[in-house]
Amino acid sequence: MREVLEGSHAVSEAVRLAKVQVMSAYPITPQTHIVEALSEFCEDGTMDARFICVESEHSAMAAVVGASTCGVRTFTATSSHGLALMHEMLHWASAARLPIVMAEVNRALGPGWNIWMDQTDSLAQRDTGWIQLYCENGQDVLDTTLQAFRLAEMVNLPVMVVLDAFFLSHTYEDIDVPDQKAVDRFLPPLSPRIQLSTQNPCAIGQMSPPAFYTENRHSIQAAMEQVQGRFENIQEEFEPVFGRKYAPLEAIECEDADVIMVMAGTAASTCREVISDLRSQGEKVGLLKLKMFRPFPTMLIRKILGDTQKVAVVDRNFSFGVSGIFAQEIKAALCNHDNHPPVFGYIAGLGGRDVTPDILKQVYHMTKTASFPKEDGVWIDLNN
Amino acid sequence: MTQFNIPDTDYMYPGHVGCPGCGATIAMKFALKGLGDKTIMVIPACCWAIIAGPHPQTALKVPILHTAFETAGAASSGVRAALDMKNDTETTVVAWAGDGGTFDIGLQSLSGAAERNEDFIYVCYDNEAYMNTGVQRSSSTPYGARTTTTPGQDWKQTRKKNIVEALAAHRIPYAATASIAFPEDMIQKFQKAKEMKGGTRFIHVFATCPSGWRVSSEMSVKIARLAVQSNFFPLYEVEHGVKYSLNYKGDRPVEDYLKAQGRFRHLTDADIKEIQKMTDEDLGLLMRKAEI
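Residue numbers (this note's numbering), protein chains in the order written: chain B, -11 to 372; chain V, 236 to 527.
In case anyone wonders, no lab produced these hints; they're calculated from the structure.
Just so you know, not all the hints are guaranteed correct.
To be verified - Computed list of lysine-lysine pairs in DSS-like fashion (alpha-carbon distance at most 25 Å, straight line):
no.	chain 1	residue 1	chain 2	residue 2
1	V	Lys484	V	Lys508
2	V	Lys484	V	Lys427
3	B	Lys169	V	Lys321
4	V	Lys524	V	Lys427
5	B	Lys7	V	Lys321
6	V	Lys508	V	Lys396
Bear in mind that the values here come from a model prediction, so they are computed numbers and not experimental data.
Next comes chain V alone, as it looks inside the complex (with noise of 0.2 Å):
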């Protein structure tokens, strides 16, 4: 039987309102494993901002500032600033928002906050759409994925923006993925990141959202790690915009990955073989970059 080392705290109370196997809640909980008490959250608009309770309830054991949608790169310059001010360097200040907080409204944001490498980790924690308003495309949803607004025929023809390499692009002292079914290596990189003082650092956790992706609550975890299986969603890191490291090799076809859900079902084999293309090329460019 494998034995994981996952620390035993939690910093989440036991209730919380996101939906049954929600990715995002369990790498919330993870996150914070890596992270400790001594963290404040700055959660823009996204699921979270409900996952964590309405007024007066909290799911959380660590401060929280809910801010706007787009302002979680800002809200938490500002947080960092302040505590700078007040000379509390121990606290990690961590944005903690989705991928359309973050690959699209949040962009700009997070944009002017890696480029002054201000000194916090923006967790983008991506379930590939708009879930909380109904499951509407975002610049993350993958090709081939049916949204609401990307129904029938019309489902999404454009890749998935590359949210790493953006931010590797601004040379920020770390930038990484993990997924939610490989927490040992999602906790490290979190711990990893808390020790980086002085920088960005930007972490893309993928989180299923099985009402969304069309796939059954228990379904949540495999599906991820399918995802990290057949490369789709590849487990890496960069540091300092050039230093890759790729700490995972998949080696099942995405044809496993996208099989397993409702939001692939209209594609094609044909389609497929595309989707399998494209994980190659960037696979080989990923490879490329990490010199393996």
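Just chain B, with the same shape it has in the complex (with noise of 0.2 Å):
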């Protein structure tokens, strides 16, 4: 059925369509939406499920790992600060193999106290051993998180739903909210070989010597190996049903490219428009964008940049001393391809600030006229 609904409430209708059994969340502008109207759904009985109202997102993730051990599907929702505050318990969960989801809002990080987007708070979280997905748009907010289930329970990691801030979570969009019947196939109960049990004692996520530990963290990343191949299966299964399907990475107009333009999120939108015009006026430029941030699609990022002239990331984030952290990891994952192109890195629409189609436009005339960047990131958009 189609709705007008604001990006937040994408999220939440597709949790209730997932039937998740146990949430638990603190409140954190603007991810409180999320959680507003899944406490609706537990107290109209829309959904049969516990919300634990937890004193912090330390322990919102606390009790989610809790009740996903005893191999129930379980939720939460975070941003910025809360996210930053979980970074324990969210090495927590992959470690001990969760199939937890969280929709995460991207939200500057203080101080000063900024409520508005910026990717730094997911992106710092980069070595947690989350898979994350970026959105650009309210039906890709509700498809992502359904397949995020799909995709968690599949490889046993926790997945990470990362929305832009306002652009995204309170922002009201035309959306197909699927029909119960076709998720409850897509998405079968869940039923994990290993859970807390008083039938089948067992100690979990106990002392792990030097003789194990190893081995442990290499299975994560075996599993993490699966992940792409995992999300492109998925999508065979979801796109006969709904109509739709995502790719870990989407390339607009790349085949031919000379500057191939590189982001993540609802910049991405905008920036359509952008290579749109551009095309128009007979420039040779393409769009990447980034969907599946972790497991970073290097390969793919390889055979996509890999042989055309220059690359521009647009970040809007930033790792201090370094650049974007968009930049590095396009960078790292270019360094091993034969005769790679130079990438240019900028900054832009951090805290809120809006990344215009004039800035991109910038982003794209500064690449092509520049033979080689002179330096790590150029903040494109900084007042003088």
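Two chains, two frames, a set of hints: combine them into the complex.
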């Protein structure tokens, strides 16, 4: 059924359809609409689930870790400082191989306090063992959340569904909300092999001495290496039923492009228009939209970007002392590719500042006219 | 000869990696005798995270979820919620944490769970410092004690946090103290807590740490008994935050308890007098609440 929904409620609808059994969350702007709707679903009986209103995000993740270990489907949502507070438990969830799904609304970190769009919060969690999927629009948010449960439960790893603060979380769009029966077929009830139960007593998460630790970590990486293929398999199941499909990376007009612009989230929507305008003016420009950031689809990146002339990465995030985080990762992915193109890094749209078509055009022209990047990151929208 | 009424069945395997005389290990043995095998233990970082044994072994016959230091209250809430969703109302969820994980780093998560009146038993086995990491002070370390972070003349100059009062203030159905030196009382309290389903139950177990307290291992139970006999650690229960019952009234001076331990060896007679005053004051408050 088509409904006009804000991005936050697209998440809530997906969680309802996924028949999540235990949820736990702590309020933080701009995540609150997600959990408010879920609380209402529990209250009015739309969902048969427990919602644990904990006293912090750290406890939210600890609660879903506890619940997930018992073999039920779990969900939480957070943003920014909340995600930072959860950091320890993010490691716990992935190393315990728990298929927890979390909606993470990209928001800036303080100080100064800033509730607006910024990717540094989620990207700072890149080493925690979570799959990260970035969304571009409301439909993408709903579908990605549904797919996240399927993916998490296939590989026994937690998934972070990342959506832009306000540009997605609080923006209303026309969204197709799938039918429950169709979702039930796509997402069967969860029944993991290992669960905490008095029927089969075992110790979970205990001391892991040097003789075992490396193998445990390697098994997480082995699961990560399956993710891209599994994600592609999921599309084969998803598309015939729901009529939509997604790729780990989306290449738009990249085949003959001399400059390929790279970004994630709603900025990619703006960039689609920019590409179209520039193409109509005869410019050979393409867009690579990043959806899957962890695991990083290195081989696919090399295939799409390896033989173009120049790459321009737009980061709405920053790693102090280095550069934008996507740019770092793209460079690392390309460095073992023969004759790889130079990677130009641009910082734009931090803390809710708009990434406008003009800025993206400026990024394109600067990249086109420069022969080689003079610095790791150009702060393109810096006020003088 | 005294005949103890203690169930025979053990839910611990013969082997574990606790230190000789470890009070925390004795505490687990008695607790499980009261709880039985339909129990899930949630253990944050604490001595028991080690005592239970490394992968692929376990010292317990019941399932264990090991979790991060400050999460016993929240992780247990999640386990309970999941069991409820699976219609398993029979299993008792037990958070089993040390004093650091309860009084300090885990207090927020515990308070959150207690305020929500989550349906589980939270046990703090209290050895009055961070023993697992080498005897650093916690907010459970008593006034006068030396630890590795309150060494020499910088012995701890503030009082032990009264955790049972803090929990009773949450108006949870049951908060009680227990001691490894009073096994019948302790097992009875665990059985009682197990029967009281539907809310948060808190049991504060006094558990001697011979290596941290500088006593020989065979003194472990005797020291715990002296703590109760001197009213340093009174045995009592609080129901719904208001109904207090004192289970035992000691009549020995705290000096007997303090002098038996290396961690208090430096105290002067004046210091001991001061501690006796504090102990009397605490007991007086407790007796007033128990209407004795």
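Item to complete: Would you pick out the hints that fail for this structure and give their numbers low to high?
Response: Violated hints: none; all satisfied.
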